[in-house]
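**Student:** Chain order of the listed sequences is A and B.
Reading the first sequence from the start, the letters are residues 1 to 56 in our numbering.
Reading the second sequence from the start, the letters are residues 57 to 842 in our numbering.
Just so you know, these hints were derived from the structure itself, not from any lab.
Everything hinted at is true.
On the chain B side, residues computed to face chain A include the following (Cβ under 7 Å):
#1 Phe128
#2 Ala129
#3 Leu314
#4 Met318
#5 Lys347
#6 Arg351
#7 Val354
#8 Pro517
#9 Leu528
#10 Gly529
#11 Ser532
#12 Val533
#13 Val536
These figures come from a predicted structure and were not determined experimentally.
Glycine included, each C-beta is placed from N, C-alpha and C at the ideal position.
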Amino acid sequence: MNGLVTVCVRLLEFLFFVGAVGSLVVVLISGVEDMETIFQKDDAPDDPVGGDHNLR
Amino acid sequence: MASDSNAIRPGSTRVRIVVATSVMLTFISFWRAAAIVLNDLGSSAFYAAGIAEQAVGKAAPWFIIGVMIFSFAVRAVYVESCSMFVRGGVYRVVKEALGGTLAKISVSALMFDYILTGPISGVSAGHYIAGLVNKWLATADAAGWVPVAVHHIFGGAPHINENLTAVVLAVAVTLYYWWENTKGIQESSEKALRVMQITTVMVVLLLGWSALTLLIGKPANNAAHWQLPPLPIPSNLHFSESALGFLKHTQFAHLLGLFGIMIAFGHSVLAMSGEESLAQVNRELAHPKLKNLKRAAVVIAIYSFVFTGLVSLLAVMIIPDNVRVAQYSDNLISGLAMYEVGPNLLKLLFQTFVVLVGFLILSGAINTAIVGSNGVLNRVSEDGVLTEWFRKPHKRFGTSFRIINLVVGMQLFTIIASRGDVYMLGEAYAFGVIWSFTFNSLAMLVLRFKFKGARGWKVPPNITIAGHEIPLGLFSVFLVLFTTAVVNLFTKSIATVAGLTFTAVFFVIFLVSERVNRRKFAHTEQQMQEQFQLLHRDQVDTQGVGIRPGSILIAVRDYNTLNHLKWVLSHNVEQDVVVLAARLTGPGSAEYDLSMDQIFSDYEQTLFTRVVSIAESYGKHIALLVVPARDVWSAIVQTANALESSAIVAGLSTKMNAQEQAFNLGRAWEAMHEPKRQTLFQVVRPDNEVETFRIGPHTPSIRTEDVHLVHRLWLDITRTKGLENVHHSDLVTMALTRFAHDYTVSDRESILAELQRLEERRAKGELGRPKPRDPGQPQTPPILRP
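All chains, full assembly: derive it from the sequences and hints.
**Tutor:** Structure (structure tokens):
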């Protein structure tokens with residue numbers, strides 16, 4: 001029983017580690033995109049995708 | 057068209073009009089949206105670090121900083137979900153991806169989060185105030201200002217019971233915001249903005265003063281130099297017994313390694329509580345919605361990183377170890393203020409300022425929690441999961457007061473049951489936070505495979521293998537959230553028991569309520585019905601509808617063909633937009649006898665629900681209007697006239713072409729009583745091609761050849777002595793006067809015959825027609841501006 005739990009703990013550790021590395025990449029890439037958005041003008045196209053989808 | 061068939065008659069004959077206003081259709085800037093979210097997210101700085109250190113030891117600030125960095129990634133998931141669902145929120149997203157049952161479970165977890173946000177914020181604010189009062193009393197006692205008798209009564213410096221004070225204050229603030237929300241949320245965003253402005257002043261002062269302290273102050277704990285908190289490695293983690301939860305008597309408590317890091321991370325996720333409010337404010341964000349959402353998200357992420365992350369780090373560095381947890385765990389920033397470098401009185405005054413700001417932001421979080429819970433339960437209710445009874449608008453204020461009462465009732469119960477224990481509340485709170493985030497990210501992950509349609513934005517990075525897109529970023533965020541949530545289940549015993557109980561109770565309520573609804577409305581489509589506050593108006597005017605003159609009036613009838621509404625909203629129109637639905641009544645029905653239900657039926661409710669949904673997706677405000685009418689054209693032109701609209705916009709009819717629509721509208725305009733004003737009529741085709749007509753007297757379009765003819769005549773006439781000053785318009789006036797004379801007195805028949813021949817030549821294409829517009833060219837919207 002303890003062996004099974006230990007395996008589960010190690011699996012959780014592995015998944016957490018993989019997720020943490022991937023999340024760091026998300027932070028870096030989206031951070032750069034965010035900076036671009038901040039300096040974008042309001043008159044650039046803004047497609048309200050949610051509008052149509054929301055009507056389903 | 058006979059004028060006596062008109063729906064709205066000027067003068068003394070008045071009919072009843074219903075103005076339908078969406079309960080919460082108010083749009084706000086991204087600054088205000090960020091302020092609302094930060095009232096919740098930023099408030100965590102006042103208690104998250106204290107709770108985390110009690111649980112994991114002195115290395116806690118590193119985990120808080122780690123959580124704040126990770127919150128950038130969680131924010132990305134929320135931006136993607138909000139870009140897909142304007143009325144976002146975990147319920148809608150999870151329902152689309154995983155079905156109704158999991159959606160109900162996830163929204164129950166979210167409700168647990170929201171319900172606890174209020175109590176933890178209120179109780180924390182109470183601790184800050186009680187701590188300050190005790191500090192002032194101790195200072196006064198030390199200075200000998202307290203009477204000896206009082207000193208004896210307390211057996212030392214007078215003091216107040218911090219837990220009791222915290223409970224009383226939390227109850228008082230919660231009741232205050234209950235009343236504010238019952239009245240309506242409009243002023244809440246204004247208050248949130250002010251609170252965040254004051255908080256920013258405090259944060260700048262705190263960081264600046266802390267930097268000065270680190271530069272010239274004496275290091276804490278009698279150390280030779282300032283020390284950073286111990287590194288976040290397993291050997292530096294010192295878990296309290298309660299922080300290990302169900303694992304405390306097992307060998308796994310000592311199985312640290314990365315598992316220990318995960319436990320510590322799980323105890324710090326509280327620092328990003330409030331991120332979920334982003335979905336709540338998304339609905340209210342002004343145009344351009346997606347950009348403003350991203351901007352708000354960036355502001356929120358940077359602000360909370362600086363505030364929560366850096367302040368928790370500085371607190372551990374500057375406040376000595378022996379007092380930090382013992383005295384200041386519930387009011388850590390007060391402790392930081394008191395251990396800055398400088399005179400005591402100045403520090404006490406700064407602590408007072410900190411407490412004042414803390415009280416404001418924490419009480420703001422109570423408001424955000426009430427608004428958030430209200431929004432979530434409204435969405436759930438609209439989907440038929442809660443009975444209509446919950447969403448019934450308040451008679452006077454139009455708010456969903458029953459939901460507000462329910463939420464506030466549960467918050468008050470939690471505050472009293474907690475007895476002012478911030479740590480216990482924090483432990484329980486984390487359950488709702490982590491599980492609502494986990495459900496949301498899982499749902500977004502599933503939607504990547506289930507719904508491959510357009511999205512406003514996607515969490516990066518995504519790689520494509522053999523034509524299949526793999527959402528690496530989204531999957532990574534989900535993994536961290538899921539593993540942390542699982543670990544928390546075992547290490548946060550209070551949270552697990554309280555959270556699971558609450559979630560189960562709420563889930564059962566949703567389940568039972570949904571079944572009741574299904575039985576009650578077996579034959580009615582109940583999905584996504586907006587509740588409207590119906591206001592009677594005896595006559596239509598700009599003041600009654602709440603718009604400025606020069607508005608654009610959009611006539612709607614079929615909720616499946618609203619592209620003309622989208623066309624108007626997609627242009628940056630500065631005018632107010634009024635959406636009008638004419639409720640046709642039978643020729644024999646007496647208008648005065650129409651009841652509210654007759655005027656605003658289920659059909660109008662569905663129609664306006666869609667209209668509001670579209671307006672929300674563009675982040676633009678619209679006014680809604682229903683008028684009873686026996687003739688739709690009369691209703692439109694008379695409403696436009698009464699509202700002083702500059703343009704009327706309609707979709708292309710299925711029964712007639714645009715010219716016939718304009719002809720009917722023109723006839724109705726002619727039949728209307730004076731005073732009446734000219735207007736523009738625009739018919740938007742399904743392909744977004746627009747035909748524009750002028751209604752009422754207007755300058756006719758003159759062919760180039762006719763302009764040249766007038767000019768040649770003018771040149772010839774002005775050569776005559778004495779006629780040098782004649783204008784082109786004089787020629788047109790004289791020609792028209794002679795034409796009118798001939799038509800009415802002498803030569804009517806031959807003029808009509810001539811016009812008949814002209815019409816025949818036009819029909820054969822012998823006369824020039826205006827060139828059609830190139831659909832590929834961008835067109836300026838031909839909407840009149842005032």
